[in-house]
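Line order of the protein sequences matches chains A and B. Using my numbering, the letters of the first sequence correspond one by one to residues 349 to 568. Using my numbering, the letters of the second sequence correspond one by one to residues 1329 to 1542.
It should be emphasised that the hints constitute simulated quantities derived from the structure, not laboratory data. All residues carry an ideal CB built from backbone N, CA and C; glycine is no exception. Accuracy of the hints is not assured; some may be wrong.
What the hints assert, rightly or not - Some, not all, of what chain A presents toward chain B, calculated at C-beta under 8 Å:
#1 Leu386
#2 Thr388
#3 Val460
#4 Arg499
#5 Asp514
#6 Phe518
The chain contents come next:
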Amino acid sequence: MNGVHDMGGMHGMGPVDPEPNEPVFHHRWEARVLGIALATGFLRRWNIDLGRYTIEQMPPAEYLRASYYEKWLYRTERLLVERGLLTAQELASGHADSSRPPAVRAVPASAVETALRGRRAARMDDHLKPPTFKAGDRVRARNVHPTHHTRLPRYARGKVGVIDRDHGVFILPDEHATSGKKVPSHCYAVRFEGRELWGPHAGPRDAIYIDLFDEYLEPA
Amino acid sequence: MSEQEHHHDHDHDHEAGVHGAPLTDTQLRVRALESLLVDKGLVDPKALDLVIDTYETKVGPRNGARVVAKAWVDPAFKQRLLADSTEAIAELGYIGRQGEDMVVLENTPKVHNMVVCTLCSCYPWPVLGLPPVWYKSAPYRSRAVIDPRGVLREFGVDIGDDVEVRVWDSTAELRYLVLPERPPGTESMSEEQLAALVTRDAMIGVAKVRGPRG
């Protein structure tokens, strides 16, 4: 979706403002939100792409105002209801409806380390799908504007780049976020020259590498 | 609430409002959600504490600094690190969530790499921990790809016109770690001493590693 989350190349957002000696969390509630988000994620009722898509659906003004952990809180509350783990009534009242026993059980503390140290996420290399492109091929990012989740940023659409490397086969995020289906797709680092993306004002020796899936690319 | 308002209350807002002030709406909302999830048996509070403790005390940029220092002193490791980053980093025990598929980018006198996630806030957690606020913010996410040299200048890094700048936008599930250049004047330093020089920002690619005198 052409959302406000797709920020690459926007103007007017102000200077970058690093905080010296920044703490991991600025408030304890942020730590609790991280914990709640991951611990409910362990229940496997949604995937990371749906999680991202949910944040993208925040009203744009709210998205721009919200801090990272406020976005995570919004996502987690919404997914808990949409995926049937809580009712809207339970979330609003803060009281558990005892007539609705939960369909899943909490992941115990003893399983946390294993869950956080898992080594497999989106890679699907056992699908021996042949790649469409190889390193050195010229490609054009498709000029498409899907209304659903995609990881093809707007600033690359219609632009020509060169395949830098084939990362292997990964879950296509678009389909995963919408239907939950795991469609295997080659993911490539594609090199775009700064001037191809931004015109003559870009530095002549600037390049942007974007990780893009087969479905996002056509030969150029 | 803004990031600036609350720098004074890092350790105080878990039980009461700031200095006795009422709890904010967000604090109340988080507390209510947590107790509801615990009541429903959907979250184990000890699991939650363990998740927080992991990212607050165990997983952070010191991990990445050890990877960098080892690459500087051990050419065989560096070769493995650049050829199969995920496996080489796993040799040091740094594995897991948001680092399942790692790519290490080597900075040289001719190429400067920097990393961004324009679409959200993807970041290599096992080696760098949780991302800083500026990395997740609209200014960095919007500008890193269109004006990388300008952003670098704001971080105090001037990249010569003869040096290529490569910006890596983490739009998929690959996570990027920059291997900064080893600073001059560090030839006699131990791996441990070198690791102490390596900063988080240098491993994102918005800083250079400075030597002991500099």
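*Hints the structure violates: just list their numbers, smallest first.*
5
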